[in-house]
Each structure stands twice: as C-alpha cells, then as structure tokens.
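K.L.:
Kindly generate the complete structure, drawing on both the sequences and the hints.
The sequence shown lines up with residues 17 to 646 when you count with our numbering.
To be clear, the hints were calculated from the coordinates, so they are not data collected in a lab. There's no promise every hint is true.
[Unchecked claim] Just the calculated beta-carbon pair ranges, DEER-fashion:
1. A163 x R453: 51 to 61 angstroms
2. N639 x G568: 17 to 27 angstroms
3. S307 x E517: 25 to 35 angstroms
4. K582 x Y364: 48 to 58 angstroms
5. G568 x S306: 52 to 62 angstroms
6. N212 x D362: 23 to 33 angstroms
7. T248 x A163: 45 to 55 angstroms
8. K606 x S383: 44 to 54 angstroms
9. Y364 x R174: 19 to 29 angstroms
10. E235 x K565: 53 to 63 angstroms
11. T614 x F379: 40 to 50 angstroms
12. E599 x Y364: 48 to 58 angstroms
13. R146 x V620: 52 to 62 angstroms
14. G568 x G223: 17 to 27 angstroms
[Stated by the list, open to error] Distance condition first, Cα-Cα at most 30 angstroms in a straight line; then the derived DSSO-like pairs of lysine-lysine:
15. K329 x K285
16. K375 x K401
17. K329 x K565
18. K401 x K285
19. K538 x K606
20. K419 x K408
21. K267 x K285
22. K167 x K329
23. K564 x K329
24. K375 x K167
25. K408 x K526
26. K526 x K538
27. K369 x K401
28. K329 x K408
29. K250 x K401
30. K424 x K369
31. K236 x K267
32. K329 x K401
Here the structure is a predicted model, which is why all the values come from computation and not from measurement. Where is the CB? At the ideal position from N, CA and C, for every residue including glycine.
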Amino acid sequence: MIILLYHKFVQIAMGYEKNVENWGKNTLQGYAKYGILKESKCVWNKRIESNSEKLERKKDMIKNKIIAVTAVGCFLAASFRTSVSAENTYTMTDLRHLRDALLQQTTVTAADDINGDGIVNVIDLCLLKRKLSTPGEVVTNNYAAIAENVKLTGRTMRNQDITWLVQSGSAVAFTVTGTSATITLAGDSSINNEENYRSRYAVLVDGTVIEDAVMSTSEKTLTLFEGEASRTAKVQIIHLSEAMNGAIGVKNISVTSDRPTPISPEPEKPLSIEFIGDSITCAYGVEGQSSSEPFKTSTENFMKSYAYLTAQKLNADYSAVSYSGYGVISGYSSGDTANTDSLIPDCYGLTGKLPDYAKDWDFSTCSQDVVVINLGTNDSHYVMKDPETRSKEFVDGYLAFLKTVREKNPDAYIICTLGIMGDDLYEYVEDAVQQYRNTTGDERIMSYHSALQNQADGIGSDWHPSAITQQKNAYILADKICQALGMESDQVGLDMAADAEYLLNIDPNKGGNAASYVGYDKSFWINMVTGGETADAIEAEISGINLKKGGGYRLEFDCTSSYDGKLPVLVRNSDGEISFNSEFDAVSEKTHFSAEFTADADSVASIIFQLGGKDYYNCTLSNISLLKIS
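P.N.:
Structure representation (structure tokens):
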C-alpha cells in the first residue's frame, strides 16, 4: 500500500514539476519579450536543474524513510498554499530584484523566498508574477520618466527629477493601463525665447496625436485618457524641433489603476539607427508654405523627417544628432571664411550643445546597427568659393570625422549621403569614404547620392525639403540600409527609373532617322527627322529597370510635342514580354500621363516610347518615373 501511495505521489510531483516548467518557461519568455529578463533560457535551465535535484532528494528521502505521502504532500501543500497567500504586498521592484538574484547579479534575501520553502528558485519567480497580476485596490500613483518605466529614445538627460528630450526626435514611450492617466511636461529657458524659437512637441496616444504645440509655459499637465472603465494605451512624447531651440521636459506620469505596476516601457526594436545631419535631418521648414517663409519651430517637425520615416519603415529605433546650419569643417557661411562655431564633430560627443545640455553623451547606452551621415550642404558655401584648395580640407575633415564615428560605433554600418539641397560636395564625400576604406581596411561603409528635391514636390521654408521630398528620400535610404545589412527590401516608394539609362533606338531598315538630347533634369528631347514606316522605327528607351513579380507599379511622365495625336508607351521585359501597353497624348501643351500595372515576372525591363511613323516633329518627355507602390 505504501509503495502504491509512493508511486502515486511521485506522479503528482512530476506532474506538478512539469506544470511549473511550462509555467516558468511562458513567464520567462514573457519577461524576455518586455525586457524584464533577457537571459530567460539560461536562468530557466539553471533553476530547473536545481529544482530537479531538490525533487530527487525528496524522492530519495521518501524511499529511505518510507514517508512518501507526508513528504510530497507537504511539499505540494506548501507551494500551492503560499501561491495564493496575500499576506505580503509586492511591487515590480521586488520582481526585478528576484530576477537579478536568480541571475546571480545581486544577493538573495529572505524576501525572495515567496513560497517559504527555504529555497529561492524559478517557482518563486512564477508565484510572484501571479501575485503582481492580481487586481487590487484602485489608487493613483506617480511615475518618473526613467528607464524602469519608459523607453528612452534618442539623446535625453535626467536633471532635477525631470527627463529632458534634447535632440530632434528624442522621445519617451510606454504602455499604461488604468482608468485615467496624465502627464506633466516642463519647459526650459527656451520658453522665454521669441515665439518662433520655442520648443515644439507632440503627444500621441495609440498612434493618434492628442497634442501638438510649442512649449510656452514652465509646466503643463495633459490628460492622456480618462473614464470609468480601465484602458490600456500606448503613449509617446516626442520633441519635434531641434536641440538649438531648447528641450522638452517630462516631469511626471500619473496613473489611476488597480494594478501594482500599471506602466511599462515599450519594447526595444530589432534595429537601431543613428542619424547625423543638419537642417535637412531636423526637418527644418518641412511644414512651411513657401520657400520665402522664414524659420519657425512651428514648421519644424521631426516626424516628417527622412530620418524618422526611415526608422518607421524599417521598424527601427533611432537617435539623431542634428543642428541647422552645421557642417564638417564649416557651418553655413555667407563670407569667405569658415564658420567654425557650427561644426558637428565638435558636438557629436555631447547630449546637446546648449549650456544646460552640454554633457558628455554615454555611447554605451545604445549599440547602433547603422549610422547615417548627411553632412556637407552647409560646408559647400565655404568650400565652393575655392574648391581647388578647400576640397582637400573638406575631405580631410570628413575622413577624421568618419574615424570618430567608427570609434564610437564599432559595430555599425556607416552610410554617407548628400544631395537633397545640392550635390556640390558629393564627389568629395565619395573621396573621403574611399580614403577611409583604403587607410583602415574597414568595408562596412558606403555612400550614395540623395534624391535632389524637385519643385514639383513642393518646397519648404528657406528652400528646404518638403514633406514629399523627405518621404521620397526615406524610401531610398531604407532600401540602401537593407542592401548594406543584407535585408530584403520591399522597394515600395522607390522610383525604379531614377538610375536608369536613356537610349534612343533607331531602325534604319524601317526608315527611321532622329536625334536626341538628355537634359540635366533628365528630360528626354527627341527630334524626328523621318519617322519611318512604323511606330517602332524610333524608340526612346529608359532601360535597366528591375521589376519584381507581383509588384504594383505606377508609370508617370509629362509630354510636350509638336505632333498632335496619340503615341504608344509600353514596359517591355528583357525577354521581349510586354508587362504594360498603352497610349499617351502628344500635344503642344504639357500633358501628364499616369497609369498602374502589376509585374507578372521578375525581370530587367525598359520603358519604351514608340515615336516612329511620323516625320518632322519633336517630343519632350520629362519627370519620368516608375514608382513601386505595392
């Protein structure tokens, strides 16, 4: 009889052990997901082994003393009894301490023995988790914007119990559960600035902007949500303007909830990107109405910057170091001397440049996967006054800065770009990148030409990029990052014709005779002398376009022609198959063409304009693009 009872209770104990194992694995995986426990697998294996040893010792004791029923029964009773005990009140701090104790990162205390069995192991972790998930009394508590409670994005600093969002795009993000929640924001000395130079910020709840304003008071409290029913919401507070015009302070987060820990940081994303730049990266004037409109922080919106949009597209965390008018060897200068007061290399190592924030930045707080450098636009005002001598100065300065960036970001892929507001110095950026490769042997670096802004896409304040231009460059940069890291790019938003080759194909056997010219803006001018017998006797071709099977594309262009009628346009694959076939209006007034199609195969294709069959006319094709839309 005793032997039978022994085996029965061993089965119960083993079942209990298995349940604990599954419970523990799920718990630890959940902690790992939200950053509470990053070494869950190691800890679990270690603790399960310890628990197994404990069970084996108990079974040996039962065998030896033939008291299996009492021993196992007591073990189960103690564990389950204490699992629902409510004598003690625990907090998230207790949970984190127990985690650290299991990781051997801190000393085990008596309080860590949740079930009171004299052993601190993963069972205690699971029981404590259950206690913390049990609803309790509804109370209002205040929480600081620190890493324990919120996710910190970009360069921030803690001062006088306030978390300051210093750089463009610096933010805090968290999930909160309760019947109501408020935040208290703080303004710094910039509230005394003229209105156009005060810090701008936004507050988002579940992705919807509930506040977008310029900070004009020393303190402001905002209601995130309120009601009778409990709600879980994702909250983000982001600094929209740039660091030279002050910071936004997050002073307090107040939550009314029945949960012991109603607030938690948003999880880290799988990719992290740092952006180093000037006014373009700050999104200077992105919401300005014309090129003649002067600077105002109210038209500077980092959420419309190519930097923020790139991070969003790639589901990446980001950080920005950007100052309007700054450069590598010279900031913006209207004279003949370098502006050495406005240099990014001088302040790259700081949280911010204003005196209140000129604190050394701790680069160990975040390991970047990619660093994007978009500098040189302001240097050009100085360099191009004497390019023969000053170009070397620029290359040397850029090269030195690349070495600094690598020192601070040893594992990152460095991507250098220039060209949105002019490409005078792009060849020197390429030169610096090549010299860096040659002198260091470091191949984790590349350069590419940014897409030049087009007036047709609008112009922001002081001739800065519009929202459309910023978005286009985000699509391009996201694709370049995918190429650099070996990731699959969806190419959505890319102009597949941007780097295509322009050709004029004439078939003399069909009587075609024509001349052509490609302008600086990639307008394609063709003069038909004799059109030949058929439309394909003269073809204007935009070649080398990669199409992906199933991809949706939009073909657009403008046409002005001395011939009045319709002409064929098609997209032809390298094997001769036709992916798209239509006609466009050729008339004296500029006419826009737009059509969409789906590629039926992976192919290298060409856009073909068939201009033959008509003598003595000219045709100008401009703003040609093949945009991948899905």
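K.L.:
Against each hint, give a clear statement of whether it holds in the structure.
P.N.:
Going through the hints against the structure:
1. A163 x R453: 51 to 61 angstroms: violated (37 angstroms)
2. N639 x G568: 17 to 27 angstroms: At 20 angstroms between Cβs, range holds.
3. S307 x E517: 25 to 35 angstroms: Once the Cβ atoms are compared, 33 angstroms apart, the range 25 to 35 angstroms for E517 and S307 holds.
4. K582 x Y364: 48 to 58 angstroms: holds (57 angstroms)
5. G568 x S306: 52 to 62 angstroms: Violated: the Cβ-Cβ distance is about 34 angstroms, outside 52 to 62 angstroms.
6. N212 x D362: 23 to 33 angstroms: holds (26 angstroms)
7. T248 x A163: 45 to 55 angstroms: violated (21 angstroms)
8. K606 x S383: 44 to 54 angstroms: holds (51 angstroms)
9. Y364 x R174: 19 to 29 angstroms: holds (21 angstroms)
10. E235 x K565: 53 to 63 angstroms: Cβ of E235 to Cβ of K565: about 57 angstroms, so the range 53 to 63 angstroms holds.
11. T614 x F379: 40 to 50 angstroms: holds (46 angstroms)
12. E599 x Y364: 48 to 58 angstroms: holds (55 angstroms)
13. R146 x V620: 52 to 62 angstroms: Holds, since R146 and V620 (Cβ atoms, about 59 angstroms apart) stay within the stated range.
14. G568 x G223: 17 to 27 angstroms: holds (25 angstroms)
15. K329 x K285: With Cα atoms ~12 angstroms apart, K329 and K285 stay inside 30 angstroms; holds.
16. K375 x K401: Violated, at roughly 35 angstroms.
17. K329 x K565: Judged against 30 angstroms, a Cα distance of about 21 angstroms means the pair holds.
18. K401 x K285: Judged against 30 angstroms, a Cα distance of about 44 angstroms means the pair is violated.
19. K538 x K606: holds (16 angstroms)
20. K419 x K408: holds (17 angstroms)
21. K267 x K285: Holds, at roughly 25 angstroms.
22. K167 x K329: holds (19 angstroms)
23. K564 x K329: Given pair K564, K329 holds - Cα atoms ~19 angstroms apart, limit 30 angstroms.
24. K375 x K167: holds (21 angstroms)
25. K408 x K526: The given pair, whose Cα atoms are some 54 angstroms apart, is violated under the 30 angstroms limit.
26. K526 x K538: Holds. K526 to K538 sits at ~28 angstroms (cutoff 30 angstroms).
27. K369 x K401: The hint holds at about 28 angstroms.
28. K329 x K408: With Cα atoms ~36 angstroms apart, K329 and K408 exceed 30 angstroms; violated.
29. K250 x K401: violated (51 angstroms)
30. K424 x K369: holds (18 angstroms)
31. K236 x K267: Status holds; Cα separation ~9 angstroms.
32. K329 x K401: Status violated; Cα separation ~39 angstroms.
The structure fails hints 1, 5, 7, 16, 18, 25, 28, 29, 32 (numbered hints given earlier, in ascending order).
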